[in-house]
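Line by line, the protein sequences are chains V and Y.
FYI, in the working numbering the residues of the first sequence are 1 to 223.
FYI, in the working numbering the residues of the second sequence are 224 to 468.
Hints were generated in silico from the structure; no laboratory data involved.
Be aware that one or more of the hints could be misleading.
[To be verified] If you want a taste of the chain V side facing chain Y, the calculated C-beta under 8 Å gives, among others:
1) Ile149
2) Ile153
3) Ala159
4) Leu167
5) Phe169
6) Pro170
7) Val171
8) Pro174
9) Thr178
10) Val208
11) Met209
12) Val220
[Stated by the list, open to error] Among the chain V residues that face chain Y by a calculated CB cut under 10 Å, a handful are:
13) Ile154
14) Ala157
15) Leu163
16) Val166
17) Ser168
18) Leu172
19) Ile173
20) Gly197
21) Glu198
22) Ile201
23) Tyr205
24) Ser213
25) Ser219
26) Asp223
C-beta: ideal position from N, C-alpha, C; glycine also.
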Amino acid sequence: MSAWSSTYALLLKDVRSELRTRYAVNALVMFVVTAVVIVLFALRTDQPTSAMLAGFFWVVVFFAAMSGLSRTFVSEEERGTTMTLQLVASPSVVYFGKLLFNISLTLLLTCAITVLFVLVFPGFIVRSVETFLLTVFLGSVGLASASTILAAIIAKANARGTLYPVLSFPVLIPLLMTVMKATAGALEGDSIAQSLGEFQILISYIMVMTAGSYLLFDSVWND
Amino acid sequence: MERLTTLAKYGAVTLVTFVLVAGIAIPLSPSPQSWLEFPVIPGLEDKARNIFFHVPMAWTTVVAFLSAMFFGIQYLRKRDLDYDIRSVSAAGLGLLFCALATVTGAWWAKFNWGSFWNWDPRQTSIFILLLIYGAYFALRSALDSEEKRARLSAVYASIAGLTVPFLIFVMPRLMTGLHPGAKGDIEGKGPVIELKIATNMLVIFLIALTGFMLLYFWMYHLRVRLARCEHHLEQARADHGSVPA
Numbered sequence: 001m002s003a004w005s006s007t008y009a010l011l012l013k014d015v016r017s018e019l020r021t022r023y024a025v026n027a028l029v030m031f032v033v034t035a036v037v038i039v040l041f042a043l044r045t046d047q048p049t050s051a052m053l054a055g056f057f058w059v060v061v062f063f064a065a066m067s068g069l070s071r072t073f074v075s076e077e078e079r080g081t082t083m084t085l086q087l088v089a090s091p092s093v094v095y096f097g098k099l100l101f102n103i104s105l106t107l108l109l110t111c112a113i114t115v116l117f118v119l120v121f122p123g124f125i126v127r128s129v130e131t132f133l134l135t136v137f138l139g140s141v142g143l144a145s146a147s148t149i150l151a152a153i154i155a156k157a158n159a160r161g162t163l164y165p166v167l168s169f170p171v172l173i174p175l176l177m178t179v180m181k182a183t184a185g186a187l188e189g190d191s192i193a194q195s196l197g198e199f200q201i202l203i204s205y206i207m208v209m210t211a212g213s214y215l216l217f218d219s220v221w222n223d
Numbered sequence: 224m225e226r227l228t229t230l231a232k233y234g235a236v237t238l239v240t241f242v243l244v245a246g247i248a249i250p251l252s253p254s255p256q257s258w259l260e261f262p263v264i265p266g267l268e269d270k271a272r273n274i275f276f277h278v279p280m281a282w283t284t285v286v287a288f289l290s291a292m293f294f295g296i297q298y299l300r301k302r303d304l305d306y307d308i309r310s311v312s313a314a315g316l317g318l319l320f321c322a323l324a325t326v327t328g329a330w331w332a333k334f335n336w337g338s339f340w341n342w343d344p345r346q347t348s349i350f351i352l353l354l355i356y357g358a359y360f361a362l363r364s365a366l367d368s369e370e371k372r373a374r375l376s377a378v379y380a381s382i383a384g385l386t387v388p389f390l391i392f393v394m395p396r397l398m399t400g401l402h403p404g405a406k407g408d409i410e411g412k413g414p415v416i417e418l419k420i421a422t423n424m425l426v427i428f429l430i431a432l433t434g435f436m437l438l439y440f441w442m443y444h445l446r447v448r449l450a451r452c453e454h455h456l457e458q459a460r461a462d463h464g465s466v467p468a
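Hey, can you work out the whole structure from these sequences and the hints?
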């Protein structure tokens with residue numbers, strides 16, 4: 001099998017096993033609902049500004065991603081299937097398969113959160129739809145690209161749940177600051193040209209993180 | 224190596240003592256005539272002396288982080304546990320100097336910028352560096368086997384190192400800063416700081432930089448030697464069941 005088709009097969013396998021157990025999806029949906037409701041309780045009748053709403057949006061995305069994205073590798077460790085996977089697929093195939101799965105999971109997550117935010121926050125009006133979509137897309141891909149290798153590290157450690165956000169946060173700060181700024185801009189109606197600087201940062205971040213993870217993944221994956 | 228360490232020890236003690244004395248004792252003068260007078264910088268006055276301590280500490284933090292990352296990558300290439308010992312020794316010192324640089328910076332900022340913390344790009348960067356060091360040691364304590372700990376913490380240090388260009392070049396674009404060289408600084412020219420400083424202050428600053436580097440080097444060697452001894456002791460315990468005489 002070529003690298004492409006085995007990557008695709010790995011992605012399909014992860015999607016299938018996720019659809020069977022719905023472990024990550026169920027937990028994520030409940031997490032997102034809980035987090036949004038807490039924000040709503042805290043705000044009561046106040047009308048938050050675009051910058052605040054963009055902040056809340058990415059806070060929910062970040063913590064939801066932190067509770068869901070590590071599943072891809074932790075579940076392999078828990079089921080004891082890591083060694084089988086090491087035998088049947090090369091490390092780069094495993095990395096890109098898991099990366100694609102995490103990207104799709106994060107995209108699904110941000111879509112759900114966007115719909116929820118539009119429904120419950122009257123102030124969450126996207127005045128520049130194309131900027132918003134591009135920001136959310138690049139932000140999700142960036143989030144997944146940095147946290148996939150950290151999930152692989154976490155799967156080998158004790159105290160996985162608490163350690164994951166601790167490890168990810170410093171690495172993700174440049175990304176989070178950029179997407180928060182771009183999202184606030186999109187809510188205010190900034191065009192793509194106005195947010196071009198942020199998109200350049202996001203694209204270079206994705207490139208750097210994916211390339212670095214690809215180079216380092218061998219040393220994480222093979223015992 | 225032993226002689227180099229001794230040299231670093233005496234060099235560090237001499238130079239840092241010299242900087243402590245000269246940096247604090249040399250008087251300020253509105254129109255400096257001799258080498259033994261610093262110029263008065265309006266708005267900074269005596270607070271300008273912080274440059275001799277704060278900047279070398281921040282510099283040492285970055286050097287420690289980069290060497291921890293470098294030795295981490297060496298470990299991944301050669302799988303020799305001695306590189307992990309060097310990496311973790313450098314990271315431990317980096318954490319110490321990072322805390323010192325943060326505290327001296329925040330203290331100075333209270334008197335010069337009005338509050339301890341302003342979320343200026345450089346303050347944000349050093350805060351992230353503190354978080355990275357914290358996460359690095361949290362990860363190490365969560366891994367049981369020596370080999371796994373060395374391997375995974377080296378990978379984490381490298382991944383964290385990938386954010387450094389973003390902190391240096393991107394952060395100042397995202398937020399307005401107060402440090403020299405930030406966006407909005409009329410005299411600044413982007414991330415590269417042009418040194419505008421009196422010659423005698425520059426000389427003392429460079430001596431301070433050298434002194435702190437030597438101090439780092441000396442402390443680093445002590446830590447590496449201690450960690451090697453502990454490593455051997457642990458192995459001897461594992462091999463013989465008891466400590467050899």
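Regarding the hint that Leu172/V lies at the interface with chain Y, is the smallest CB-CB distance below 10 Å? holds, 9 Å
Minimum beta-carbon distance criterion (8 Å), Val171/V to chain Y: With a minimum Cβ separation of about 6 Å from chain Y (threshold 8 Å), the hint on Val171/V holds.
Supplied contact hint for Val220/V, tested at 8 Å Cβ to chain Y: Constraint on Val220/V satisfied, holds at 5 Å.
If you take the shortest Cβ to Cβ gap from Ala159/V to chain Y, is it below 8 Å? holds, 5 Å
Do the numbers back the hint for Ile154/V, that is, is its least Cβ distance to chain Y under 10 Å? Check passed: Cβ of Ile154/V comes within 9 Å of chain Y, closer than 10 Å.
Would you check whether Val208/V satisfies its interface hint, that is, whether its CB is within less than 8 Å of any CB in chain Y? holds, 5 Å
Less than 10 Å between beta-carbons is the criterion; does Tyr205/V satisfy it with respect to chain Y? holds, 7 Å
Holds or violated: is there a CB of chain Y closer than 10 Å to the CB of Ile173/V? This hint holds: Ile173/V lies near chain Y, its Cβ roughly 5 Å from the closest one there, short of 10 Å.
Using 8 Å as the Cβ threshold, decide whether Thr178/V counts as touching chain Y. holds, 7 Å
Cut-off 10 Å, beta-carbon criterion: hint that Gly197/V touches chain Y: holds, 7 Å
Min Cβ distance, Ile149/V to chain Y: is it shorter than 8 Å? Hint holds; Ile149/V Cβ to chain Y Cβ min 6 Å, cut 8 Å.
Restraint satisfaction for Pro174/V [CB to CB of chain Y, less than 8 Å]: holds, 4 Å
Violation of the numbered hints given earlier is absent; every hint is satisfied by the structure.
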